[in-house]
Amino acid sequence: MGNYFSIERFIHVFPKVISSLPVNLHIVFWSMLLGTLLAVFVAVLRLHRVPVVSGLLGLYISFMRGTPLLVQMMIAFYGIPIVLGTVFLNLFGINLNRLEPVIFVEIAIILNEGAFLGEIFRGAITSVPAVQSEAGYSIGMTGAQTFVRIVLPQAFKVAIPHYGVDLIGVFQNTSLVFMLGVVDLLGRAKTIGAASGHTIEGYVAAALIYIAFSLLLKGAFLLIEKKLSGGEVKLV
1 MGNYFSIERF IHVFPKVISS LPVNLHIVFW SMLLGTLLAV FVAVLRLHRV PVVSGLLGLY
61 ISFMRGTPLL VQMMIAFYGI PIVLGTVFLN LFGINLNRLE PVIFVEIAII LNEGAFLGEI
121 FRGAITSVPA VQSEAGYSIG MTGAQTFVRI VLPQAFKVAI PHYGVDLIGV FQNTSLVFML
181 GVVDLLGRAK TIGAASGHTI EGYVAAALIY IAFSLLLKGA FLLIEKKLSG GEVKLV
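Residue numbers for the sequence shown follow the UniProt record's numbering, beginning at 1 and rising by one.
Derived from the structure by calculation, the hints contain no laboratory data. Predicted model, so just to flag it, every value in this text is computed and none were measured. Every residue, glycine too, gets a C-beta built ideally from N, C-alpha and C. Be a bit skeptical, because a hint or two may be false.
Said to hold, decoys possible - Here are the in silico distance ranges between beta carbons for each label pair:
1) F5 x R65: 32 to 42 Å
2) I7 x G85: 30 to 40 Å
3) P22 x L99: 14 to 24 Å
4) G181 x F156: 50 to 60 Å
5) N97 x S229: 42 to 52 Å
6) P153 x P68: 28 to 38 Å
7) L59 x N97: 25 to 35 Å
8) N3 x E100: 35 to 45 Å
9) P153 x A220: 29 to 39 Å
10) P68 x A130: 33 to 43 Å
Use the sequences and the hints to build the structure in full.
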């Protein structure tokens with residue numbers, strides 16, 4: 001492949017690119033953890049159908065599902081300091097303009113996941129037969145106890161395959177964060193390419209890392225799904 005691609009350069013570049021993987025994993029971990037909590041909250045509120053709240057949540061979900069994640073990251077990065085900068089500075093002494101870009105990236109992904117996972121969880125909860133809740137009430141459980149002990153575990157089994165796909169999607173979408181100056185896998189590959197004049201090796205290294213971890217996550221969720229389904233799982 002001549003000067004376009006060199007195995008020697010690839011071997012030299014790969015450790016440098018993978019050294020930025022913790023940045024991507026940090027984003028995935030906190031975004032999925034807080035996004036999942038937000039999604040459960042959104043799903044429960046949507047199921048209760050409070051008129052005003054339901055309408056606002058509908059707008060929120062429509063916006064998050066109808067706009068690209070990169071646009072949401074840009075709005076968070078540039079908009080939050082403008083809208084809330086003075087408030088945070090006066091109340092907490094925090095200058096939002098000096099925060100690391102990764103924080104705004106995570107805020108955008110958390111809000112995005114709250115919308116997408118919220119709908120997944122809502123569908124999973126509604127898939128649980130009403131007779132299950134009635135059984136809980138019949139033995140003296142409260143509404144909260146019935147939801148946590150009976151409905152939620154069954155809904156979790158329904159949601160886990162979709163949750164796995166969504167998690168893999170979030171990991172792959174972290175490739176967008178270098179647009180805001182976050183030095184992740186792709187950002188490191190771009191930086192190395194700009195400095196050396198050879199870009200393809202870094203991008204190939206990043207692609208292989210994304211593929212490897214996506215397959216690893218897929219395998220992990222297939223094992224979880226298999227365990228929950230009693231040993232049978234469908235490969236999608």
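Hints, one by one, checked against the model:
1. F5 x R65: 32 to 42 Å: Hint holds: Cβ distance 39 Å, inside 32 to 42 Å.
2. I7 x G85: 30 to 40 Å: Once the Cβ atoms are compared, 49 Å apart, the range 30 to 40 Å for G85 and I7 is violated.
3. P22 x L99: 14 to 24 Å: Since P22 and L99 have Cβ atoms about 19 Å apart, the given range 14 to 24 Å holds.
4. G181 x F156: 50 to 60 Å: At roughly 37 Å between Cβ atoms, F156 and G181 fall outside 50 to 60 Å, so the hint is violated.
5. N97 x S229: 42 to 52 Å: holds, 49 Å
6. P153 x P68: 28 to 38 Å: holds, 35 Å
7. L59 x N97: 25 to 35 Å: Between L59 and N97, where Cβ atoms are some 28 Å apart, the hint holds.
8. N3 x E100: 35 to 45 Å: holds, 37 Å
9. P153 x A220: 29 to 39 Å: Violated: the Cβ-Cβ distance is about 20 Å, outside 29 to 39 Å.
10. P68 x A130: 33 to 43 Å: holds, 38 Å
In this structure, the earlier hints numbered 2, 4 and 9 are contradicted, and the remaining ones agree with it.
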